[in-house]
Amino acid sequence: MTRKITHASLYVKDQNEALRFYTEKLGFEVRADITNGDFRWLTVSSKDQPDFEVVLLPLRASDWSLSQDDVEVLTRLLEAGKLGGPVMRTDDIHKAYEEWKEKGVEFLSPPTDQPWGVDAVFKDNSGNIYSLQQRKK
Amino acid sequence: MNHERLHIARTFIDHHYDMPLTLEHISREAGFSPYHFIRLFRLAYKRTPHQYLIHQRIEKAKELLRASDLSVQEICYTVGFESLGSFSTLFHRVVGLSPSSYRKWSPKQPPPPQYIPLCYRIKRGLD
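These protein sequence lines are chains X and C, in that order. So in our numbering, spot 89 of the first sequence is number 89, and the numbers just go up one at a time. So in our numbering, spot 66 of the second sequence is number 66, and the numbers just go up one at a time.
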């Protein structure tokens, strides 16, 4: 028996802009992209981890999902960096930092030594905050 | 009764999206006058027949960009667009990436499962 997480969702302000960020800046791949009614199921994943998909969930009011109030609250939390965030691991944090910074990814903290290795912090173009780690060998 | 005829019209678009369809053509298939047809179709499916047609073409184009070796130009004509320029502009506006960029960032193999997980379908009242 296996039990794996295959998808985790992130709220994004605009799916098209998020798709551009995750592909052109981070180098992620489009994994699923289907539209049903006005809902677009859009997922991306790192090339190194095709079986873990990040669902880019639109932060938008609709009859079935979020109310306008929900959207306002979530947008405020997202912009304040209060919604938690994913952690990514790399085997070369300095290279990743230089590459992504060059492409315009906003870093809140450059690679910084930590007891467990080196850690940097960046955010996506919706405001989701990521930790980028390189563990000690 | 209207519901059935609208469904016929939608299915007609699904099967003939690659043809140069006109509103008159589609509404005639379903036995409506064009004006009445647009109104009812929009009420039922939240978009006009033209928007639905464009949506089907773009979805098909995404599929071909992922799975086929056809050129962007060939895909443009295969899904029913007549001008590469307007196809590319529209594709970029709807999808967020240009057709060639979308192909670049979509893995070729294996084809991704195209389904929406149940919890998202329930939450959004999807079919």
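Think of the hints as simulated: they come from the structure by calculation, not from any bench. Some clues are possibly wrong.
[Claimed, not checked] Taking lysine-lysine pairs in the DSSO-like style, the calculated list, with each CA pair at most 27 Å apart, reads:
no., chain 1, residue 1, chain 2, residue 2
1, X, 4, C, 60
2, C, 60, X, 103
3, C, 108, X, 25
4, C, 108, X, 47
5, C, 46, X, 95
6, X, 123, C, 60
7, C, 46, X, 13
8, X, 136, C, 60
9, X, 47, C, 46
10, X, 13, C, 104
11, C, 104, X, 25
12, C, 46, X, 123
In this text, all values refer to a predicted model and were calculated from it rather than measured experimentally.
Do the hints match the structure? See the list:
1. X/4 to C/60: The hint is violated at about 31 Å.
2. C/60 to X/103: violated (31 Å)
3. C/108 to X/25: holds (20 Å)
4. C/108 to X/47: holds (12 Å)
5. C/46 to X/95: violated (47 Å)
6. X/123 to C/60: Violated - the C-alpha atoms of residue 60 of chain C and residue 123 of chain X are around 33 Å apart, more than 27 Å.
7. C/46 to X/13: holds (22 Å)
8. X/136 to C/60: Violated, at about 46 Å.
9. X/47 to C/46: violated (36 Å)
10. X/13 to C/104: Between residue 13 of chain X and residue 104 of chain C the Cα gap is close to 24 Å, so the pair holds against 27 Å.
11. C/104 to X/25: Satisfied, since the Cα-Cα distance of roughly 13 Å is no more than 27 Å.
12. C/46 to X/123: violated (35 Å)
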